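For the record, the sequence lines run as chains A and B.
Going left to right, the first sequence walks through residues 1 to 326 as this note's numbering numbers them.
Going left to right, the second sequence walks through residues 327 to 661 as this note's numbering numbers them.
I should point out that these hints are in silico values taken from the structure, not numbers from a laboratory.
Remember, it's a predicted structure, so these values are computed and weren't measured experimentally.
Where is the CB? At the ideal position from N, CA and C, for every residue including glycine.
Some clues are possibly wrong.
Sample of chain B residues at the chain A side, in silico, Cβ under 8 Å [what the hints assert, rightly or not]: (1) Ser484; (2) Met487; (3) Asp542; (4) Glu548; (5) Asp551; (6) Thr572; (7) Gly581; (8) Pro588; (9) Glu590; (10) Ala599.
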Amino acid sequence: MTATPLLRATELSKTYRVGRALLPARRRAVQAVSEVSLEVMPGETLGIVGESGCGKSSLGRCLMKLQDITSGTLEFEGRDITRASAARMRPLRREMQMVFQDPAASLNPRRRVGDLLSDPFRIHAACDRAEIPDRVAALLRRVDLLPEHAMRFPHEFSGGQKQRIGIARALALRPKLVVADEPVSALDVSIQAQIVNLLADLREELGLTYVFIAHDLSVVRQISNRVAVMYLGSVVETGPVDRVFSAPRHPYTAALRSAVPVPKLDVPRPARTILSGDLPSPLNPPPGCRFHTRCPRATALCRAERPALLPDGQGGALACHHPLEA
Amino acid sequence: MPAEPLLEVSGLTVSFRTEDGLVEAVRGISFAIAPGEIMGLVGESGSGKSQTLLALMGLITSPNAVLSGSVRFRGQELVGLGRRALDRIRGRDMAMIFQDPMTALTPVHTVGAQIVEQIRAHERISPRAARARAVELISAVGIPAPADVAGRYPHQLSGGMRQRAVIAMALSCNPALLIADEPTTALDVTVQAQILELIGRLRDEFGSAVILVTHDLGVVAEIADTVRVMYAGKVVEEGSKRDLFTAPQHPYAWGLFASIPPLEGARPARLSAIPGTPPRLSALPAGCAFRPRCAHAHAACAAMPALTGEGGHRAACVLSPARRAELLAAGEARS
């Protein structure tokens, strides 16, 4: 690919200090994101999947610069923003926005929806003050709400409607990049489909680029072009979403895929690999390949040496010593 | 079903006195469950599925709740039964698993102590023997190092381990009926697969019947024998799993199936979402509650249709069976 990626992370890591602040000797570090490299091209949607504790939300927050990056680099449109100050980030905030999982928690309950939605315009002085109400009305209409909803408070809306408001706020200034962290997982199935459709329509209309973080494989497949699968802080496999889910090559992707119950009868199911045990503690990740403690294909090599994420020759990448047949 | 039903619910209604007047959360539902049957109860938030479960277990204690109808367990009427009499049945013959295992465990006792308490509440057994049983149970639900885990507090266990501990507790007296409210919703899929396998094994080994509340049709396809779909406090469709998955009859069920993005095969350009939102229980439309969101609604829907159908597969919809077959053939339930 010759074009500049909109977003590029190179060996990005995020470490949190945990434990007792008063006893430095007992403080330990959790590496929530461990040397993740990925690129997001303009116009594409990159899905990030993994189970709870795999670091996908931490990664999302790092990509948005909502928290400091411990090591590695992050570039937005070719500019290094790894250490950019809050002041330097401010103009960039117009270009990159986030949609959160819990729309109720991300909307101030004491402010009217119209006020919440005028914030982006005011803060970035994006238009004349007099114009703001019209812009807000247009935004509300764009997410299939009504202009008169501007007078209401967040609690007067259903979960799906609240998420529409969260999306409207993120899109107010026409960002280039939207990072959505589990935007539909708190919603009922029938409402999920509405929001997924809305996100797809907006992408089309506004030429958006998404990083779509979710644990639900079928939702990610519906909206993404490419997908990155994470396990214990690392990306273990990336590639075009159809290929990765229909013919996974990393044993973890295969296990994850086969564990999803399919709402159909009489369809040939991939042989289920039931993983034994739970995710190891990220405080004390296993040496070598982090998946070896639960992997049916693990060997001595996997226990000793951590596999690097290498191109798989099919437009994706894979971090495994013993991948499944292509 | 040939055998005497284990549980027979008829005309169960749960309503609450609120500022907006009497609000009916469960509006007269009836069903029966045979021993060893796994029934999937499907519905979205506010459909009344959780209130139904709480009513079955006699756990609706709000002074503003009004309960009517009948719940018979092995022929014994539970509605209106005193707390002492209920306590002899609950936990022993009927057990419940909640969505969030943390709410079912007290943080101040070890997991082992909580299971021992549960066993000794229902059986005359020495503390030592109860302890041994607890460790056995913990091992039976697939927790490694059971003796060690029995000595731990809930916060020291992962979500999957906690849910297994709660299941171990529910199984402690080999209940004839296990009631599970979204038991895997809070868990990761790889752990969900383990828990579903465990519930299936429970039925196979102990012959327990299970009522499994879920919003995930994938889970139903995996484990249930029969399915009931609830909408706005009523059962709108019921039948065997095969009936429901091969020829769903209610437009709401079609909408549910069509809303799920497929994990394989062609990706639809758009998902066919059900428009609108579920109605507020305090302002239900007259007649069929699904009418405002239904693509096939017409004048006749203003009267509430009864559950009708043949061979145990019944739906509450005014469309004629022939018309429904036509729509289904035209791809209504496909996304």
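Verification of the supplied hints:
For B:Ser484, the interface hint holds, since its Cβ comes within 8 Å of a Cβ in chain A; the closest pair sits about 5 Å apart. At a threshold of 8 Å, the smallest CB-CB gap from B:Met487 to chain A is about 7 Å, leaving the interface hint in force. Hint on B:Asp542 holds. Least Cβ distance to chain A is approximately 7 Å, under the 8 Å limit. Contact between B:Glu548 and chain A, as hinted, is supported at the beta carbon level, the nearest pair being about 4 Å apart and thus within 8 Å.
The interface hint given for B:Asp551 is violated, since its Cβ lies 12 Å from the closest Cβ of chain A, which is over the 8 Å cut-off. Because the smallest distance between the Cβ of B:Thr572 and any Cβ of chain A comes to about 7 Å, under 8 Å, the interface hint for this residue holds. This hint holds: B:Gly581 has a C-beta 6 Å from the nearest C-beta of chain A, less than the 8 Å allowed. About 7 Å separates the beta-carbon of B:Pro588 from the nearest beta-carbon of chain A, less than 8 Å, and the hint is met.
Taking 8 Å as the C-beta contact cut-off toward chain A, the hint placing B:Glu590 at the interface holds, the least distance being around 6 Å. Proximity of B:Ala599 to chain A holds as hinted, the smallest CB-CB distance being about 3 Å (cut-off 8 Å).
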